[in-house]
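Enquirer: Single-letter residue listing:
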Amino acid sequence: MDFLRPETLAEALEIKAERPDAVPIAGGTDVMVELNYDHRRPAALLDLTRIPELQQWEDGLRVGAGVPYVRIIDELGAQLPGLAMASRTVGSPQIRNRGTVGGNLGAASPAGDTHPVLLASDAVIEVASVRGTRMIPAAEFYLGVKRNALEPDELIVAVHLTPAKGPQQFSKVGTRNAMVIAVCSFAISLFPQENRVGAAVGSAAPTPRRAPEAEEFLASALDFKNPKPLLDSVKREFGELVSRAASPIDDVRGSAAYRKHALAVMARRTLGWAWQELLAKKNGSEERPCA
Amino acid sequence: MRVNVTVNGEQRQADDVWEGESLLFMLRERLGLPGSKNACEQGECGSCTVYLDNVPVCACLVAAGQAQDRSVRTVEGLAEGDQLDPVQEAFVEAGAVQCGFCTPGLVVQAHDLLDRVPNPSDPEIREALAGNLCRCTGYEKILDAVRLAASRR
Amino acid sequence: MTLTPAELTSAVSGGIGTSPQRPDGNLKVRGEFAYASDLWHEDMIWGATLRSPHPYARITSVDITEALKVPGVYAVLTADDVPGRNLYGLEHKDQPVLAVDVVRYQGEPIALVGADHPETALRAMKKIVVTYEVLEPVVDMETAVDDTPLHPGGNLVRHVPIRRGSQDVTAEVVVTGRYEVGMQDQAFLGPESGLAVPASDGSVDLYIATQWLHVDRDQIAAALGLPQEQVRLTLSGVGGAFGGREDLSMQVHACLLALHTGKPVKMVYNREESFYGHVHRHPAVLYYEHGADHTGKLVYVRTRMYLDGGAYASSTPAVVANAATLGVGPYEVDNVTVDAYGVYTNNPPCGAMRGFGAVQAGFAYESQMDKLAEALGMSPVDVRVRNAMTEGSVMPTGQVVDSAAPVAQLLKLVQDKPLPAGTSSDIRELPGGVSNTTHGEGVVRRVGYAVGIKNICFSEGYDDYSTARVRVSMVNGSLSAAVHTAACEVGQGLVTIMQQIVRTELGIERVTVLPMDTTIGNGGSTSASRQTYVTGGAVKAACALVRDKLAGRTDIGDEVIDETTEWRHRATEAIDPVTGQGNAHVQYGFAAHRAVVDVDVDLGLVRVVALDCAQDVGKALNPQAVVGQIQGGSAQGLGLAVMEEIQTSGGKVRNPSFTDYLIPTVLDMPPMSIDVLELADPHAPYGIRGVGEPPTISSTPAIVAAIRAATGLALTRVPVRPEHLTGT
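Protein chains in written order, with the working numbering: chain A, 1 to 291; chain B, 292 to 444; chain C, 445 to 1172.
It is worth saying that the hints were derived from the structure and are not from the lab.
These numbers come from a predicted model, not from an experiment.
Hints are supplied without guarantee of correctness; some may be wrong.
Negatives, chain C to chain B, calculated, CB over 12 Å [claimed, not checked]:
1. A478
2. H603
3. A631
4. R746
5. R872
6. S1101
7. L1111
8. P1115
Computed footprint of chain C on chain B; a stretch qualifies when at least three of its residues, placed anywhere within it, have a C-beta under 8 Å from a C-beta of chain C [unchecked claim]:
9. 294-303
10. 316-326
11. 329-338
12. 389-397
All C-beta atoms in this analysis are idealised placements derived from N, C-alpha and C, irrespective of residue type, glycine included.
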């Protein structure tokens, strides 16, 4: 095994072009587990933690693939509340100090915590190689269980997101109250100016995925210009449509039936919280419902 | 490969490091610092928590090579000679130590918490320590220890 | 690093009844306490274990040729290399050191590799070629006895019947139930580890994390074909045990590799291997019928219970006896019918875990008591108090309880504790925690109660003793004592207790605890909540001998007083194999819990808000350690109630990791207020009553009772899963 330590992105891309079998490692929260447990013996490790370009975020927003979760929580909570909420549920504080959104995308586990938020908030993944840069919408990034749209010579460089223009929520079910992998998860983003909603499920299908019928239903059922208290029937229907968007399996973490049920509950609740926030804003209150 | 790393303020060098080795293995088996513990090696227990460039991380999830030219502080580097750090002292006094296998990781993690938040609330302590499993105490006396240490700092 | 553990001398003082600091506390917080996995020896190599991927298969061939060729490999060993008896076990010698011809559980050891680096050992293991004829595994504990026999004597390990009073009496109110307990893991944090060092004379030293040095030694010596004195064990730092280290794991393996290669051999399991490397708590299926009169007085209890021992017997016979003899709980019942069966299957081997048979029965009988309360329209506490055992009560075995049994008092203590404040608005204090699943929606708060009973020390006529040596000499002009035993400190604080006893008995402040090893006589197992009782008793007895020789002197010059003695508790009796009658147990311990639980009834998520406990400990030798044991035991009970289970499918473990075998975090544990009663047992040293296990028994059913109250669901299985609560 080789251990490769590029100091710049350009150098890293050159190495990756020459050594497509080199496995990128940043926070190590997935790769090292595979190494420690002999699940993987790559020909080389490509350490990305020395590359300054990956560790920065810029207004706009372009979040470097190597920005750890803790910085998203601490520095980007106001602009990216959904991503910050999801980041807060990732593993332990030690994992959040080290793990990155880039790593979440690289692993492309259906249970990755940030995926539903990236989908629901129209994130675009910036990937690069010596051949150039590609911008891949999140909805086109996840191809299968632990498979993503990266070519062998490409690295994930950044995630592009728009600062939230409306309320966002994230919710995840696990069988422990902390440090738990998602049994299933759900993210919602409201785009009031565009009369539009983003909704996506995690850990409930071979890939994280959007719930387009649920999104369309809300877009037509909600009046963003003159928001009124939500009807229970709207919440229920939304929950049903979110649940239907999932195609979960039975596994050691939970049953398919439970996942579908829980998604409907989370969809109803998070919509309620998001809408409450919108109503509160319209009424001049700055109160946020989330602790 | 060779890894040069500052550990507890000292410049250290490890030779013949296998590229797939973790920082935890290198500390424990090559640098004579077994204080950080090997309870799960998958980032699910916190017992290997060390400071890496002043940020607490699971040493089992850091590749040894990633520590090149970085600074590591382990549980062995918290006391000043015979003088325990207040967090260490409080853990012994409060009865927060039973088998003690989780203790090194908890001590480092609590040390970091109190550096950042001198007087944490109970929910803050719990959220900060939620990545450190303890199987002996039920955590009550660990909370007592953190509160005691906070009151003394 | 030295292999010999440090002698422990505390800078603080304090006799019994106080809470001096642990003598190993400073070392532990500094990261300098040497656990078994921390040991290092010049020139040492690493051992690794090849394990079966199949729960049940015939081995048709094992080819180690290619593995031996890997550079850096020193040895590859199979069953052919076991020089002594290739069978061991705590009660039945039925488990191979390395498999011969057949594997009976997934993870069964087949071959060993010794190599210069763990990675070398792994690469070599992959080159060992084992061919199998895969067989249909036996996995159902209820039908196992009639299934394919897995051992020569069939699949019944032990049947314990109890017949007391009338067997056909009827009652006005009858409740029945079928209950299931999932397979819990001890999940001690320090994985199995040890270092074996060969000596030039063919003997071996093993530095090991274990619960019972002498029984380890006897089993190792038999397997190695060595006289016992040529196998020397020294206890290393132990990272928790909870029953999971009472059986052998890598002890023989490391010694085999060391003797074969002539090099020191270190073996350390990783977490996955640890799940395969030790026994677990028996999963159980329990059928109960309770009959009572209209006042709630129990008329009879009938139960049939199955405990799945998995592939090898381990301590199944004793676990079954506990489940049977404690099977009606801490209640007076005149008419009792019990049939408890421990069976072999191809599931993971099960044996000792904190609570040891009493946990499985406890969940079932306490669930039944709640069901009975509901049928009678009584409160759960009232129906328990109505039937509560007291001193002088008669057990289903006919044994008279001859010391305090304050069951009603314990229940009332937890009932009278203040209730926690209302539901929080901080998501960290709500079901789901930071996962942000509720801001209060769907959350229902309810309360549940339970009480439990546990036998303390070894039972059924076992010669249960410990050996202690106390040496006194002058150091710097004052008397100084050293205490030596082979009783294993696994984290519980025996080292502190022994110092306290010596200080109280001899009035000597400076007390050193010597390393625990096999150069002294048997200390017995660190299990059954027995070490403070039995080894404490032995230390006290040794002190009495020393005190006689001291004869009040405070200066003994160059004299060294060195006394060793064995101490045993009152004898117990075997139970009658047909009626189950007999004075089986030496002491009983009791604890009661009140759980306050917030349940998100829509998502099926639970947060325990308070878990208060009252327990009688006879005499709290170290009050801080007593509370620590009760809180820790309660936490393991919480784990079993709502999250902990080794899930198997066709005999295969589906979740051998801390990612999917979940134990409670600090965000899952509530504040725990503990009331400690000290009602001295006149038969025990200082009146003490074993502490470690009782709280693990009542914690689980109290939590489940609260969840039942919140949901209205029957909940007959632990751990309770979100699926159970949401009907999905």
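Enquirer: Hints first: check each against the structure and report whether it holds.
Expert: Going down the list of hints, with the structure as the test:
no.	hint	in the structure
1	A478	violated (7 Å)
2	H603	holds (33 Å)
3	A631	violated (6 Å)
4	R746	holds (35 Å)
5	R872	violated (4 Å)
6	S1101	violated (6 Å)
7	L1111	violated (5 Å)
8	P1115	violated (7 Å)
9	294-303	violated (count 0)
10	316-326	holds (count 6)
11	329-338	holds (count 8)
12	389-397	holds (count 7)
Hints 1, 3, 5, 6, 7, 8 and 9 from the earlier list are contradicted by this structure; the remaining hints agree with it.
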